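Modelling step: build the complete structure from the supplied sequences, incorporating the hints.
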Amino acid sequence: MKRTFSLSTALVVASSALVAATYGLVRLAWGLHLPDMQDELRFDAGAAGAISSAASIAYCVGALAGFLLASRRARTLVLLAGATGAFGSIGMALAASTSALAPAAVLASAAAGLASPALVRIVQRGMRSSAVDRAQAVVNAGTGPGLVAAGLLALLLVPQWRLAWWAAAAVSVAAAAAVLLLDRPDAGGAEDVTGPHRANGALPPRDWFRSHRLVIAAALLAGAASAAVWNAGRALLADAGTAPQASVLAWVALGAGGLAVVPTAQLMSALAPRRAWSLSAAALTLSTLALVATPAWTPGSLAACFAFGWGYTAATGALIAWTAGVDRDRAASGTALLFVLLVLGQAIGAAAVGATVGALGYAAAFTAAAVIGATAAALGLVARVGPAVSG
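Read left to right, the sequence shown gives residues 68 to 458 (the numbering used here).
Among the hints, erroneous ones may be present.
Between beta-carbon pairs, the in silico distance windows are [said to hold, decoys possible]:
| id | residue 1 | residue 2 | range |
| --- | --- | --- | --- |
| 1 | A360 | P226 | 24 to 30 Å |
| 2 | S196 | G425 | 51 to 57 Å |
| 3 | A360 | T76 | 42 to 48 Å |
Don't read these hints as lab results, they were simulated from the structure.
On a predicted model such as this, the values are computed, not experimentally measured, just so you know.
Where a beta carbon is used, it is the ideal one built from N, C-alpha and C, also for glycine.
Here you go:
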């Protein structure tokens with residue numbers, strides 16, 4: 068039985084808060100706090116890139132686990148998301164060395180991967196069918212407010228980065244607990260093991276992968292291209308002499324850009340998926356170049372971060388539309404796998420950015436990221452949406 072309007076609304080708010088915590092306050096806040104952590108713990112860009120790469124892989128592992136288990140163990144996944152986000156954040160808050168910080172950062176990153184598939188299932192069973200799509204969109208948009216909150220929190224606490232991780236841990240626990248309290252499993256308290264959602268835990272057939280060749284390449288390339296800003300964006304600004312408060316505001320701009328996807332959603336949905344992809348990936352590319360071109364000019368860096376936040380978030384929406392255009396029956400599975408590939412690209416990109424910054428500097432690393440982003444955008448111009456996959 069579906070809940071009343073007020074309880075359904077509360078579930079959406081709690082689910083959005085868990086996304087805001089695991090993505091905005093935990094996973095993507097690594098780059099926000101990186102300059103302050105480097106100053107205190109004394110590790111270089113290469114080490115930062117390696118840690119971020121490992122954290123992205125942990126996200127992928129968590130997302131794959133969620134992909135396979137969400138239909139049967141959604142509540143367990145939410146519990147694990149809250150626990151990994153909290154314990155990972157606490158570990159970073161207490162870290163006295165890089166060797167202690169690294170495993171905590173990796174553990175914390177898994178929380179976002181665990182949370183997303185579970186929340187899809189919980190919202191699905193907790194809402195009227197007519198309201199599910201809108202509710203899912205609101206929950207998925209939680210990353211934007213999370214980034215804004217992380218930036219505002221950092222503004223209050225700079226340079227006390229340890230307190231920010233304590234706050235992230237508290238919000239992770241509270242949000243996960245709220246979701247579990249508001250969720251009502253189906254009769255008998257058991258998770259679903261049958262029905263149409265069961266198919267979401269099965270890998271698509273070989274034909275699906277053949278039809279998705281360009282989409283897969285686009286997701287991997289965009290992930291690699293985005294790693295420069297997500298992991299080294301604030302470090303670039305700090306290296307250019309930007310005041311700490313101004314560089315933190317850039318992170319708020321990233322979140323605001325993500326939120327700006329909401330008013331532009333109707334315009335983007337009117338475009339063919341591959342055109343929407345090219346436009347959003349181009350925004351990601353140009354904003355990466357703009358950020359490295361004038362990092363010491365605060366208005367320019369804020370505008371670049373806003374555009375990047377919009378481009379990255381809009382690109383994830385274009386990926387959903389693109390895979391649905393290829394095979395609508397497996398749109399949920401396709402979305403989950405493409406998001407894993409996007410973050411796998413970030414893992415590769417993070418390691419490459421760290422190594423390149425150490426050897427050649429920020430300009431070379433961000434320019435290389437922009438070239439990769441331009442390649443990802445070009446794939447949307449040459450791709451054609453194929454017929455639905457059989458099987």
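Hint-by-hint comparison with the structure:
1. A360 x P226: 24 to 30 Å: holds (27 Å)
2. S196 x G425: 51 to 57 Å: At 52 Å between Cβs, range holds.
3. A360 x T76: 42 to 48 Å: Holds, since A360 and T76 (Cβ atoms, about 44 Å apart) stay within the stated range.
Consistency note: the structure conflicts with none of the earlier hints.
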